[in-house]
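Asker: Let the hints inform the model, and build the full structure from the sequences given.
Quick note, the sequences are listed as chains A and B, same order. The first sequence begins at 1 in the numbering used here and counts up one residue at a time. The second sequence begins at 1 in the numbering used here and counts up one residue at a time.
Hints in this document: simulated from the structure, not taken from any laboratory. Warning: the hint list may mix true and false statements.
Claimed, not checked - In the SDA-like style, the derived pairs of lysine to any residue whose C-alpha atoms are separated by at most 25 Å in a straight line are: (1) 696(A) <-> 97(A); (2) 413(A) <-> 104(B); (3) 76(B) <-> 471(A); (4) 427(A) <-> 39(B); (5) 285(A) <-> 311(A); (6) 525(A) <-> 647(A); (7) 427(A) <-> 43(B); (8) 137(A) <-> 153(A); (9) 433(A) <-> 98(B); (10) 75(B) <-> 424(A); (11) 634(A) <-> 539(A); (12) 561(A) <-> 636(A); (13) 367(A) <-> 407(A); (14) 115(B) <-> 300(A); (15) 363(A) <-> 440(A); (16) 433(A) <-> 25(B); (17) 132(A) <-> 145(A); (18) 413(A) <-> 74(B); (19) 75(B) <-> 470(A); (20) 3(B) <-> 302(A); (21) 696(A) <-> 522(A); (22) 520(A) <-> 604(A); (23) 427(A) <-> 74(B).
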Amino acid sequence: MKKRMKIQWTVKIALLFLLPCLLFAVLWNALSPAERSFLLTILEKNSGYLLIAAILFIGLAGIAVEAFFRNLVLPLQRLSEELALIGIVNPKHRLQIEGGDIVQRIVKSVNAIAIRFEAMVKYDEGRIRNIKSKVEKERNFLAAVLSELPEGVLICNSDGRILLYNQKVKIFFNGIEKRNSMSGSSDNSNESIVGLGRSVYSIVDKNQIHHLLEAMTGKTGQRKKNDASHFVTMSNAGSMLRVEVVPVLDHGNTFIGFVLIFKDITHQLHTADGVYETMQNMAKKIRASSAGIRSAIEAIQEYPDMDRGQLDRFRTIIYNEAVSLAELLETNSMDSIADRKSEWPLIRLKLKELFETIHVKTKIPIKHLDIPDDLYIWADSYIFSHVIIYFLQKIHQEIGPPDFTIRSGISDKLIVFDLLWSGQPAKIDMLRKWQDGNMELLGEKLPLTIDEVMGRHDAEVCAYSTPGPEMESSLRFFMPMCEDLSEEQIRRMTILSQSRPEYFDFDLFTGADRSPDQDKLPLSKLRYTVFDTETTGLDPDGGDEIISIGAVRIVSGRLLKEECFEQLVDPKRTIPRASILIHGIQQETISGQPAIANVLPRFQRFVSDTILVAHNAAFDMRMMQNKEKDTGIKFTNPVLDTLLLSAILHPNQKDHTLEAIAERFGISIEGRHTAMGDCIATGKIFIRMLPLLAEKGILTLEDALHASKKSYYARIKY
Amino acid sequence: MTKKILIVDDEPNIVLPLQFLMEQNGYIVDEASSGEEAIEKLMQFEPDLILLDIMLPGIDGYEVCEIIRLNPKWKKIKIIFLTARGRDVDIAKGLVLGADAYITKPFANSEVVQKVSQLLDDQ
Chain A
1 MKKRMKIQWT VKIALLFLLP CLLFAVLWNA LSPAERSFLL TILEKNSGYL
51 LIAAILFIGL AGIAVEAFFR NLVLPLQRLS EELALIGIVN PKHRLQIEGG
101 DIVQRIVKSV NAIAIRFEAM VKYDEGRIRN IKSKVEKERN FLAAVLSELP
151 EGVLICNSDG RILLYNQKVK IFFNGIEKRN SMSGSSDNSN ESIVGLGRSV
201 YSIVDKNQIH HLLEAMTGKT GQRKKNDASH FVTMSNAGSM LRVEVVPVLD
251 HGNTFIGFVL IFKDITHQLH TADGVYETMQ NMAKKIRASS AGIRSAIEAI
301 QEYPDMDRGQ LDRFRTIIYN EAVSLAELLE TNSMDSIADR KSEWPLIRLK
351 LKELFETIHV KTKIPIKHLD IPDDLYIWAD SYIFSHVIIY FLQKIHQEIG
401 PPDFTIRSGI SDKLIVFDLL WSGQPAKIDM LRKWQDGNME LLGEKLPLTI
451 DEVMGRHDAE VCAYSTPGPE MESSLRFFMP MCEDLSEEQI RRMTILSQSR
501 PEYFDFDLFT GADRSPDQDK LPLSKLRYTV FDTETTGLDP DGGDEIISIG
551 AVRIVSGRLL KEECFEQLVD PKRTIPRASI LIHGIQQETI SGQPAIANVL
601 PRFQRFVSDT ILVAHNAAFD MRMMQNKEKD TGIKFTNPVL DTLLLSAILH
651 PNQKDHTLEA IAERFGISIE GRHTAMGDCI ATGKIFIRML PLLAEKGILT
701 LEDALHASKK SYYARIKY
Chain B
1 MTKKILIVDD EPNIVLPLQF LMEQNGYIVD EASSGEEAIE KLMQFEPDLI
51 LLDIMLPGID GYEVCEIIRL NPKWKKIKII FLTARGRDVD IAKGLVLGAD
101 AYITKPFANS EVVQKVSQLL DDQ
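Answerer: Structure (structure tokens):
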């Protein structure tokens, strides 16, 4: 029996019995002892009549109380629920409550008011729509501009949560995701997904960004005019991306977020490499030719009486080398060396910091770091640290010292550093083989050799050893020392003026979730994934399987239909006819689709860091839990159920099916019984529930989970 | 005793004037045009000094230098890098590998003669 019903019955019984008893007690108290005994005599004499009278009284009173409840109390309770529904969620809703005369009159009046209220809301909505469409226009304009850019643009708040991104970023980093969902195969642990509200650090290295931001804004938030603001990273498709970091400060100079601009420089790198090579070859040829000419002429001048044959040979050398110099200038190779800046930006880097990063990144033990504080090099910290790690690994594997010491110093304007170990030195051919190896990042081979990366950094390496009983060997690196920056290399910074420019209407930077404690945050601030599954039947433990998963994200109270997850699944069994009649998914539709074991890992990544929302979530969760053993995929996200929430909000409504709730909330379901259709409807319902929950004092995730647990329907277990 | 000099360079137009120059200064001269040939000549010709180009076909000049320095028998041979690679890091590397001097192309004949005689007179 419902708790509420119990309370009602207790009240009724109390009214029926306690009231007469109370009346009698009051009367009894007022009588004198003589009158009391007189009354007792009368009662005893007429006990039969009195009993009948009492039963008749109680019966009549019972009917009266019941009528009172049915006609007034219950209708009033529903009235209050439905009034909130009209007031907050669905002004089109009209009361249809059975009850007494008064209730009917109230219902009539309320419905009349509701009609006017609806008209007012419509008027207001019209105005809001107008304003919104203006804003939307500006927003679309910005979006259109952003989408046309050849660069990827991504805006984050100070916590690294993505607030805005364009299509290009999605292509750079979601490429693998796309390929996988087409082929049905998945698992690549490096796969990362770009999405609103997600952390940017799943696609770029947190340290790299923070290193730059700190260098640029300084610890006090002051602008500093040093250091460049670029680094190079890899896209998921394996191309090299140049990333520019632009911090965003508010008018008070407080750091509130940053912009990342991604540019694909794979092609430029190759071109630049070509130019670099041409230049090197030309320099070599010019030096060789002029050496020949100069040496020959000097010899002729110094030895005027050399024999005729020798003189002729030297004349021929001078002539030939002069011709080949001229030819060199006539080829197009000169033109290709336009004055172009290298697209591979090297930043000013503290050598000590580089090795501290390496120390953290690699498992190879570095027992001692002997590097002065004031040594700076020009380097791409990410790539170059991988080069050093590569050499450490090679020495470790092929020569086998247990640990290393790093020592560095300056020699003739060059930075020299040694990777030192005790034991045999690296052999000549060994080192050459290492240098010819390909650069590898995140398990992917780059189209660049170690030697080319070294060349780009103007770095040289050689093997070195000091003989003795305790042989100490090293790889010795030489690099140019870093000089001061030119003005051009000073980075950009965005500072928001107090009045925003017109096209900028997002409240992008205010949403930083400072508290890591999700439970205490307002429900409206959290990120959700609403999902639904279609299955072969309704018995998760009896062999029914998932055949379709649909999911969509809610961020800042907005349903992000463009960031959805939709996947058919091959259940590896036949689909019963009865269930085909419901969801319409035929056997041939799902053949060739990936198996659940391949879909769940991707789904898990999609939902990571969000709260799961589903209608009758217990069923869907059970479906996925049953796969835990086979796939090892465990969903530990908090779960909210719109079925339970509906029961909490509207305990007096009998029907809490998706259709019934949708109708109450004035939402039409497009594609009922498709995973996507149902989950979009569930999402819309959930968003409309949030203000109603707030009215009931359910403000945080903790409140919502607590209330759900208590709810009557929570006892249904699959 | 007359000192012997090995010139290792793949550009004959440089080898020829150098050879003349060294012979005029009273040295016995032989030449090699690759790293491999240089190592062969080391054993047959047993030079006192090598003028060594870095960018050679096959084994490069750095490696020839390393090979010479690894063999105790050749410890006394003087090595001068004579090369079109003129970056500071190249020079530093060459000296670490055990070269005695480093001359970049184009050079003055007098510079070469001076360096050679200086190194050979020290012995």
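Asker: Compare the structure with the hints numbered earlier in the document and write down the numbers of the violated ones, lowest to highest.
Answerer: 16, 18
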